[in-house]
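A.B. asks: Sequence:
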Amino acid sequence: MTNIFEAASRSNSMFSDRRVFDPRHSPSTLRHRDAQVHAMVLNLADALEGHIPGNMILYGTTGAGKTAAARFVIQQLEERAEAIGSSVTSHEVNAQHTNTRYRVLHSIATRLWEKGDVTIPFTGWPADRVLEETVRRMDRRSGVHVIVLDEMDRLATQSEEQLLYDLTTLNVLLSTARASIIGISNDFSFTDSLTGPIRSRLAAEDIVFTPYTADQVNDILIDRATDGLREGTWDESGIRLCADLAAKEHGDARRAIDLLRVSAQRAEIGDANSINIEHVISAQAQMEQDRAITLMQGLPEHQKLILMSILINQRNGVHTQNSGTIWETYTQACSRAGFRPLTSRRVSTIINEFDSAGLAHVRNVFLGRHGRTKHVYSLIPKGIDAIQILSQDNPGLEAASKGAYKLQKRLG
DNA sequence: CCTCCACCGGAAAGCCGGGTCA
DNA sequence: TGACCCGGCTTTCCGGTGGAGG
Numbered sequence: 001m002t003n004i005f006e007a008a009s010r011s012n013s014m015f016s017d018r019r020v021f022d023p024r025h026s027p028s029t030l031r032h033r034d035a036q037v038h039a040m041v042l043n044l045a046d047a048l049e050g051h052i053p054g055n056m057i058l059y060g061t062t063g064a065g066k067t068a069a070a071r072f073v074i075q076q077l078e079e080r081a082e083a084i085g086s087s088v089t090s091h092e093v094n095a096q097h098t099n100t101r102y103r104v105l106h107s108i109a110t111r112l113w114e115k116g117d118v119t120i121p122f123t124g125w126p127a128d129r130v131l132e133e134t135v136r137r138m139d140r141r142s143g144v145h146v147i148v149l150d151e152m153d154r155l156a157t158q159s160e161e162q163l164l165y166d167l168t169t170l171n172v173l174l175s176t177a178r179a180s181i182i183g184i185s186n187d188f189s190f191t192d193s194l195t196g197p198i199r200s201r202l203a204a205e206d207i208v209f210t211p212y213t214a215d216q217v218n219d220i221l222i223d224r225a226t227d228g229l230r231e232g233t234w235d236e237s238g239i240r241l242c243a244d245l246a247a248k249e250h251g252d253a254r255r256a257i258d259l260l261r262v263s264a265q266r267a268e269i270g271d272a273n274s275i276n277i278e279h280v281i282s283a284q285a286q287m288e289q290d291r292a293i294t295l296m297q298g299l300p301e302h303q304k305l306i307l308m309s310i311l312i313n314q315r316n317g318v319h320t321q322n323s324g325t326i327w328e329t330y331t332q333a334c335s336r337a338g339f340r341p342l343t344s345r346r347v348s349t350i351i352n353e354f355d356s357a358g359l360a361h362v363r364n365v366f367l368g369r370h371g372r373t374k375h376v377y378s379l380i381p382k383g384i385d386a387i388q389i390l391s392q393d394n395p396g397l398e399a400a401s402k403g404a405y406k407l408q409k410r411l412g
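Position 230 (the first sequence) corresponds to 230 in the numbering used here; numbering is contiguous.
Don't take every hint at face value.
As the list claims (entries may be wrong) - Result set (DSBU-like, lysine-lysine): computed pairs, CA atoms no more than 30 Å apart in a straight line:
{"#": "1", "residue 1": "K374", "residue 2": "K402"}
{"#": "2", "residue 1": "K248", "residue 2": "K374"}
{"#": "3", "residue 1": "K382", "residue 2": "K402"}
{"#": "4", "residue 1": "K382", "residue 2": "K248"}
Derived by calculation from the structure, the hints in this document are not laboratory data.
Construct all of the structure, not just a fragment, from the sequences and the given hints.
C.D. replies: Here it is, written out as structure tokens:
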């Protein structure tokens with residue numbers, strides 16, 4: 001009898017090194033980002049002499065190489081600093097989850113923890129005290145601290161202003177150490193929302209990452225394939241298709257790399273010798289479906305119910321869905337499920353969140369005499385039973401969806 | 001040309017469950 | 001134990017808003 005793991009780690013695996021496809025993998029060379037890297041280097045070079053390097057913000061769409069470039073440059077900076085005996089410490093914080101003043105400071109201070117330090121609790125302290133402790137630990141380490149604040153546009157609005165104020169004035173509070181901020185943002189208008197002094201201190205230098213073209217994504221993928229896939233398991237046509245599909249998604253290299261990885265897995269499962277067009281196409285479809293299913297399953301109850309209302313409307317042939325019709329269906333669904341409905345104001349923001357999550361397309365429309373509303377349509381990939389996924393394992397939601405079937409029958 | 005529709009979305013505040021600390 | 005703090009989610013309040021139709 002063969003061991004199940006032995007069977008899984010077959011010798012004819014497509015991959016020679018799977019780590020190459022890990023999102024945290026940092027390649028040895030960075031393609032098509034010379035100008036941006038150069039700008040960052042000029043800005044950070046001061047750090048090596050112990051001066052304060054300027055703050056900067058990297059702008060660009062997802063998968064445009066911002067984070068990769070920041071990591072690449074910082075890694076080189078740290079290596080160089082070590083070689084010449086100067087001290088550079090980097091802190092990477094992703095504001096998607098570490099999204100408040102307290103959490104960002106907590107994260108920086110915690111990484112500077114040394115034996116004998118108190119452990120800062122993840123909540124409970126006044127934020128000012130966390131700031132004090134962070135400053136103390138930075139000073140103790142001394143040297144230059146480069147703080148990379150990734151996805152900074154995702155900071156919670158209430159703490160955003162205060163945190164950025166703290167970070168940009170760190171050098172006033174520090175005595176022996178120096179700090180520099182590298183902000184990374186998907187949103188080009190991010191700095192508009194900031195007050196003048198913070199904006200000018202933070203955005204001393206703006207570095208823009210334009211989306212990769214299909215050709216550039218192609219180059220990146222060829223690098224990855226060379227490093228991570230076995231020879232003879234891939235050819236130009238498969239890579240080209242991955243690149244073209246990604247270019248449609250605004251030159252998202254991260255997604256393209258992921259698509260290549262899933263395509264290789266598909267080929268592996270199908271016992272093929274190499275990746276072909278079919279593998280890429282089915283990988284693309286699978287990724288879209290998986291993404292939507294994961295998102296839907298993770299939604300809170302009321303979000304599920306609202307999304308379900310959109311889907312029910314669509315199934316019932318309501319061609320133009322606006323906020324009013326969705327709210328009507330939603331309140332009916334609530335009474336069937338036995339929930340107290342949220343206010344229409346709240347529902348409105350939730351619908352907008354569906355748009356940014358890619359679950360629905362939402363557009364504001366002005367209908368003159370007939371007022372102002374949103375037009376909404378679902379972007380959930382065909383081939384998945386979304387209503388079933390949304391209602392499963394929740395009696396209330398199941399009741400709501402069953403009631404909707406009855407309604408449909410009556411209409412039919 | 002002016003009205004007024006039917007909702008938009010920012011701001012602020014409340015509630016609540018998580019926590020610390022003396 | 002009670003005063004105090006943090007942060008997510010929600011409600012309340014309210015000043016907009018483009019253009020069809022009178």
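A.B. asks: Now, for every hint given, state plainly whether the structure supports it.
C.D. replies: Now the hints, each set against the structure:
Restraint check for K374 and K402: the C-alpha separation of about 27 Å stays at or below 30 Å, so the hint holds. Under the criterion of a C-alpha separation no larger than 30 Å, the hint pairing K248 with K374 is consistent with the structure, at around 26 Å. Using a Cα cut-off of 30 Å, the hinted pair K382 and K402 holds, with the two alpha carbons roughly 21 Å apart. A C-alpha spacing of about 19 Å is found between K382 and K248, which places the hinted pair at or below 30 Å, so the restraint holds.
Violated hints are absent here; each numbered hint is respected by the structure.
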